[in-house]
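These are the residues of each chain, in order.
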Amino acid sequence: MHRVLTVSKQDNPQAAAMIKPQLPEPFSQWFVQKGWAPRPHQLELLHEAQSGQSILLIAPTGAGKTLAGFLPSLTAISQNQARCERKPGSAKQGIHTLYISPLKALAVDIERNLGLPVREMNLSVNIETRTGDTPTHKRQRQKLNPPDILLTTPEQLSLLIAAKDAERFFEDLDYVIFDELHSLVTSKRGQLLCLALARLRRFRPQLQTIGLSATVAQPDELRQWLVGQGPYGEVKLSRLIKVEGGARPQITILKTREHVPWSGHSARYAMGDVYQAIKQHQTTLLFVNTRSQAELLFKELWKANEDNLPIALHHGSLDVSQRRKVEQAMANNALAAIVATSTLDLGIDWGDVDLVVHIGAPKGASRLAQRIGRSNHRMDEPSKAILVPANRFEILECQAALDANYLGHQDTPPIGKGSLDVLAQHVLGSACGAPFFEDVLYDEIVSAAPYAGLPRKQFERVLDFVATGGYALKTYEQYAKIRKTDDGSWRIANGRVAQQYRLNAGTIIEAPMLQVRLTRHRGKGGNVRGGPVLGKIEEGFLESLTAGDTFLFSGRTLRFEGIRENICYVSNANDTTAKIPSYVGGKFPLSTFLAEQVRAMLADSSTWQKLPQQVGEWLNIQKTSSILPGRDELLVETFPRDNIFYMIVYPFEGRLAHQTLGMLLTRRLERAGTKPLGFVATDYALAIWGLRDLGQLLKAGQLSLTDLFDEDMLGDDLEEWLAGSFLLKRTFRQCATIAGLIEKRHPGKEKSGRQMTVSSDLIYDVLRSHEPDHLLLQATRDDAAKGLLDIRRLGDMLKRIKTGIRHQDLERISPLAIPIMLEIGKEPIAGEAQELLLAEAAEELMNETRK
Amino acid sequence: MQPAKAETDTSCGRILFQGEQFFCDHQGGLFWPQQNCLIVSDLHLEKGAAMAAGGSLVPPYDTGETLNRLARCIERWRPEKVICLGDSFHRDDSASNLPLKYRVQLSEMIRGKDWLWITGNHDPQRPAGLQGNCQQELTIGRLTFRHEQQNTGQVDDLFAFQSGEISGHLHPSAVIHRRTKRLRRRCFAGDDQRLILPAFGAFTGGLNISHPAYAGLFDQNNLRVWMLGQNQVYELAASQLSR
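Just so you know, the sequences run in chain order R and V.
Each residue of the first sequence is one higher than the one before, counting from 1 in this note's numbering.
Each residue of the second sequence is one higher than the one before, counting from 1 in this note's numbering.
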């Protein structure tokens, strides 16, 4: 049951009066002093909470969500005499309210924001934060002298419940508030968090949860997540309060006289126009999708910054002290512009942002909506945003987004079933905290929504995995990490198991990162010494560098000096040209919804007039030299260029699906004897090239597109490819690390004598040959199907185009193909083609030796 | 036994070393047709079990996998002699703790062959309970087989390096950069003085030959590598490699 409240331009005092006012004195007075009226949804939430309910609050930014979330706790704490008048010497009360946010910075921000009304109302409520940045002595103190409200992160919660004193620490817990819930639940992090919540519910059965969320496609999924599910599979939901309204944002596409490039993601062409926009506004937030884009944009803006405006950079790889400086300056309205990635995506309340610039195509309605919501916190005033497409295809995407009233559409991904590797980590953590009984733990786990349907047998497999690795070959009993004892409870084998767990606990793995330190350039053989820490960068990128390479980071051009013992040393480079980390496009593929819109736009030339002239021209030339596909057709073009033959396919299904399609098609083409050499995928198209004229073969009937694109490619072909693919190996590595099989990598240590590490790739190969149904391989396959390869999306596409494949055999490159042709040579070649590269190199050597 | 028809086999690499013809395969085996001898190095059997004892419950299948690969090598080359070039066992007690089925499998392979265990730093003693001879090194004509490289770059030394060494220990690997893609593979590495085999074991990785551990071992102008591909060996010159 839920009530939907509409908030109009003025807060309706009558509406407020209709709901029983529950605000005790200091609170109602405080509102009056501020000249505010409590919003209906704030009172409604308080009312529900006081009736013992758990609630999901869905509201746009600026609706006073934070205050709504904390009102129940603040009123309860201040009204609880026992808490307020603590006699000296009496036992300390435990934590009353936990607040969980996905970002460390958010927790810090909330502390600041909440502290203000608490001080103004003179409430004796202690609020503290606990994140990865909190120093050890403070953490210890929090255990001995718990605050009333603890603001923390999911990782910290996992560590807290795995401690021996967990039950006692949480014995007074009444509320858990989850902020930005929509972003917490969709990942493995959210699954682990839900399991932790289930543990808290076992400690405190009457625990209440409050979820604060932006608009999502399926609110019921979040409502389920917040409360314990029934033991027989009954679905239970929290209450729902939904706040509609808020003024529609004003979004426009950047109007420019500059020539928009064919491909690439840098939007360098637009710097002049973007800078003008910054000058015309007080504070501008510029969002990009990847860190490398952020670095580049930052650099380009400074090049254009003739008025010396304060422009800052903020992303997750920067050292924490640098980020804090930027955050502080933002809060003081001291910045003209901030270039940021998703670290600033979430509802951090800083300063008066009056313009949001989004560089690159939207890629996702919800993400765009949240980012745009950052400007103008007052719900009733429209936020202002400018989209800056980076290339011509992106113009289509941006236009499609605006036309389709994009922001009204929700494309949040479904939550999905809980992963097994996450469960394994949780089970081990459980044992580290206290001995457990199987039945009790199982009941607790299936009360968490992502694991509600978990079969008992699966749980037992996970137990087996945690204990001895879950292998069919039972040689590891003596090395078991957890054991069932005589009383039937499971316990950890020794203290070292708990130690090991704590080092890796709670974190859901990103790519392994190395710390980056600035040093002086010493030339060959110089002894590098530590200097200030600039931040962290993906190990994979750093390993590809050689001494002397330059790249952009932290707003400067740096020279790679080397890696010693896990630390990357860099020096300041003076020249301005830098080899920037190459990220393949953005991180996020084109959404299905947008893809449809773009295809529809291409198919209907009457829509082209609202597009910039350069784009309209481009499409018209395509129309004359080739064709534009119909909305549900698949265009395939073939043409030769420099003695190589190309096949370009335009599915518009996003880079991930195209990558998968590329691998499968290449295999089929190879089997057909057409000798493909490689392929490249973008969000819009797929290009395959080789030594044989595919166009000819198609025309002569020796190759059939219908056969080539038959849905059965998702059967055995996919299985076989999946089994050996490097994408799957990478997924396996993540699963194995999360499940605790592999420690977080320490590459420096591998070189030392003992040789006690194995690369996850080798483990994967061996496991695949000897025990293909192992738990971790199952978890890997689940992950791959779910996200990494967009297989379902590919399947839907293959169904869709069944009857409508249009082949154009051309004598030269088509206009529509230009963008992807430019990507060839820029982007890395995937998977099996690695063997071909080795062969090429060897061939070169042979030819040299023959000369 | 019939020697393999290596002459017509295009998937293996060819190494001419100290006037002797060798073939190398994508699994890491080195075959010397003139002596009908197969050489493999750094099997590191029971590494998985050793890691499990240390708290890392990696799959216990590495020994089985390594032995299967060795069996395929033997099947392919049909050698009369086999030399295991050291670190055949990950710990010095690994051989005695070898699970029965692997002991049986290995004993079958050894039977009827002239089998030599060269000692390594991980397994300095003869492997318990297994047939075969055991030595620190072996010299045949101009060639000397040992586990660890001897004496690098020291001039005028009593034990100065003599050319013709075939060894293991360092687990060589190499990297090439092509079309913005970085590929790393285990490899054989050799100039005209010494040859180093890749590690054969299923759980062994590789150490890039640009690493300081290789300093002074090779003449960079003559250094070649034979990189192990999926089914094939690729010969490259040091000049084609990246760090």
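One should not assume that every hint holds.
When the alpha-carbon atoms are kept at most 30 Å apart in a straight line, the in silico BS3-like pairs for lysine-lysine are as follows [claimed, not checked]:
1) R/Lys484 x R/Lys474
2) R/Lys484 x V/Lys101
3) R/Lys34 x R/Lys474
4) R/Lys799 x R/Lys623
5) R/Lys474 x V/Lys101
6) R/Lys242 x R/Lys417
Hints were generated in silico from the structure; no laboratory data involved.
Now for the hints, and whether the structure bears them out:
no. : hint                : result
1   : R/Lys484 x R/Lys474 : holds, 16 Å
2   : R/Lys484 x V/Lys101 : holds, 29 Å
3   : R/Lys34 x R/Lys474  : violated, 69 Å
4   : R/Lys799 x R/Lys623 : holds, 26 Å
5   : R/Lys474 x V/Lys101 : holds, 13 Å
6   : R/Lys242 x R/Lys417 : holds, 26 Å
Taken one by one, the earlier hints fail for this structure only at number 3.
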